[in-house]
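**Student:** These protein sequences, in sequence, are chains U and A.
Numbering-wise (this note's numbering), the first sequence opens with residue 1 and increments by one.
Numbering-wise (this note's numbering), the second sequence opens with residue 1 and increments by one.
In case anyone wonders, no lab produced these hints; they're calculated from the structure.
Cβ atoms here follow ideal geometry from the backbone N, Cα and C, with glycine treated the same way.
Treat each hint with caution, since some may be false.
Label pairs and their computed distance ranges (CB to CB) [to be verified]:
(1) A:R95 / U:T77: 26 to 36 Å
(2) U:T5 / A:P82: 38 to 48 Å
(3) A:S70 / U:S69: 26 to 36 Å
(4) U:K57 / A:S70: 29 to 39 Å
(5) U:T15 / A:D39: 41 to 51 Å
(6) A:S53 / U:A50: 38 to 48 Å
(7) A:A79 / U:T15: 30 to 40 Å
(8) A:E17 / U:G16: 43 to 53 Å
(9) U:T77 / A:N18: 18 to 28 Å
Under the rule of at most 30 Å between Cα atoms (straight-line distance), these lysine-lysine pairs were calculated in the BS3-like manner [what the hints assert, rightly or not]:
(10) A:K68 / U:K11
(11) U:K11 / A:K1
(12) U:K11 / U:K57
Selected chain A positions facing chain U (Cβ under 7 Å, derived; list incomplete) [stated by the list, open to error]:
(13) Y31
(14) L47
(15) L49
(16) Q51
(17) S53
(18) R72
(19) Y76
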Amino acid sequence: DAGITQSPRYKITETGRQVTLMCHQTWSHSYMFWYRQDLGHGLRLIYYSAAADITDKGEVPDGYVVSRSKTENFPLTLESATRSQTSVYFCASSGPRSNYGYTFGSGTRLTVV
Amino acid sequence: KQEVTQIPAALSVPEGENLVLNCSFTDSAIYNLQWFRQDPGKGLTSLLLIQSSQREQTSGRLNASLDKSSGRSTLYIAASQPGDSATYLCAVRPRTGANSKLTFGKGITLSVRP
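Whenever a hint applies, use it, and build me the whole structure from the sequences.
**Tutor:** Structural data, given as structure tokens:
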């Protein structure tokens, strides 16, 4: 089906482990984004990508790594998970022109214990 | 730096009431403004996208307006229903700087009482 999908939907991991959250979109949108959403902080941008092989830091990039070897995929890796990274993570995409809107995935709820 | 404000943070209204949700932003140099709805435990669903050249957009019982000069947008919900209960977020896409990145407000949590 067309759209933007995130996996897994829920994830529990231990402190210090590496974990990767997946994001896949079928529209060939140029832009892709990773946000985290926490009570009291709203949505905060972690990383974004303007095209394959082009990524840049957002507001809260520390502890996260991204890659974008293909236009449709934008995985987010927590290199060594910490409890402060417990959050809901949203992936989003947008077309190439600035008059495009954003479309969000359903989110991944990550708990670090 | 663009800032987006949504006040109040929460709102409770009886069913059937027409209501207005407000969004203000500090920098009028924007490409567009987007309203989203978020249900508890769910992702963000786009409701309306208003380009900077437009004054309003309508979808069903929803109408969003944009006044760039004053840095304001409103989301009008006609004849509210309990199913409208959710958090509503607005976001602006800037013309300057990294113009791919939206700036979000923190949202208004709406409760419509039967």
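**Student:** Determine for every hint whether it applies to the structure shown.
**Tutor:** Results for each hint:
no. : hint                      : in the structure
1   : A:R95 / U:T77: 26 to 36 Å : 32 Å, holds
2   : U:T5 / A:P82: 38 to 48 Å  : 29 Å, violated
3   : A:S70 / U:S69: 26 to 36 Å : 44 Å, violated
4   : U:K57 / A:S70: 29 to 39 Å : 33 Å, holds
5   : U:T15 / A:D39: 41 to 51 Å : 31 Å, violated
6   : A:S53 / U:A50: 38 to 48 Å : 24 Å, violated
7   : A:A79 / U:T15: 30 to 40 Å : 50 Å, violated
8   : A:E17 / U:G16: 43 to 53 Å : 51 Å, holds
9   : U:T77 / A:N18: 18 to 28 Å : 47 Å, violated
10  : A:K68 / U:K11             : 41 Å, violated
11  : U:K11 / A:K1              : 34 Å, violated
12  : U:K11 / U:K57             : 24 Å, holds
13  : Y31                       : 4 Å, holds
14  : L47                       : 10 Å, violated
15  : L49                       : 4 Å, holds
16  : Q51                       : 6 Å, holds
17  : S53                       : 9 Å, violated
18  : R72                       : 19 Å, violated
19  : Y76                       : 19 Å, violated
Figure legend: structure checked against the earlier numbered hints; hints not met, in rising order: 2, 3, 5, 6, 7, 9, 10, 11, 14, 17, 18 and 19.
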